[in-house]
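First residue of the sequence shown: 10, per our numbering; consecutive thereafter.
A portion of the hints provided could be inaccurate.
Within a straight-line C-alpha distance of at most 30 Å, the following computed DSS-like cross-link-like pairs (lysine-lysine) qualify [to be verified]:
(1) K130 / K12
(2) K12 / K45
(3) K138 / K47
Derived CB-CB ranges, DEER-like [to be verified]:
(4) E46 / D119: 40 to 48 Å
(5) E100 / T122: 14 to 22 Å
(6) E99 / K45: 42 to 50 Å
(7) E100 / K47: 41 to 49 Å
Honestly, the hints are just simulated from the structure, not real lab data. Here the structure is a predicted model, which is why all the values come from computation and not from measurement. Note that the Cβ used here is the ideal one computed from N, Cα and C, for glycine as well.
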Amino acid sequence: MEKIVILHTNDLHSHLENWPRIRRFLDQRKRENEKKEKTTTIAVDLGDFVDRWHPLSEATNGQENILLMNEVGYDAATIGNNEGVGNSKEELNHLYDHAEFDIILDNLFDKNTLQPPAWTKPYKIITTKHQTKIGLIAFTAPFPLTYNPNGGHTQSL
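Start from the sequences, fold in the hints, and give me the full structure.
What follows is the structure, given as structure tokens:
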């Protein structure tokens, strides 16, 4: 029987002092599972990875956080309220410029055009080693009082 392992992180809030231990755990699990013929591993981050309180995150507008995520090899991520409201619209539009993983998000839209940001995908399909298809969808928390002034509009589902 096929085994699908989902490794996820969420709400790291740029607590990068914990990152070496988290990365070691994720790397170890992925390596162990790659050796197993019937196991597929999917790694995702569920938001609030970037928080501007940390000096490295602040100094790089979160870009260093994204590079750390690239090193782990995430398959996908979404944004939390910290990415969505802790950055200007311009900063958020470029936060994932160097991401080597997809940003899945289906409820944030430009306030004027009602179009989703170009850096997002509404969903992602991952095909396992045994051709099983896994669909990923993601939504951020709707905070109209903070997203709207920043040029964004969220929809509650």
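(request) Could you check the hint for me, namely that E100 and K47 are 41 to 49 Å apart, CB to CB? (result) This hint holds: roughly 43 Å between Cβ atoms.
(request) Sort out whether K47 lies within 30 Å of K138, counting only the CA atoms. (result) Holds. K138 to K47 sits at ~7 Å (cutoff 30 Å).
(message) For K12 and K45, compute the direct alpha-carbon distance and say whether it is at most 30 Å.
(response) OK: K12 and K45 at ~9 Å, within 30 Å.
(request) Note whether the CB distance of E99 and K45 lies within 42 to 50 Å or breaks it. (result) Distance hint for E99, K45 holds at roughly 44 Å.
(request) Note whether the CB distance of E100 and T122 lies within 14 to 22 Å or breaks it. (result) holds, 19 Å
(message) Need the status of pair K130, K12: alpha-carbon distance at most 30 Å?
(response) Given that 30 Å is the threshold and the Cα spacing comes to 26 Å, the pair holds.
(message) Against the range 40 to 48 Å, how does the distance between the Cβ atoms of E46 and D119 compare: consistent or not?
(response) Cβ of E46 to Cβ of D119: about 45 Å, so the range 40 to 48 Å holds.
Of the hints listed earlier, there is not a single one the structure fails to meet.
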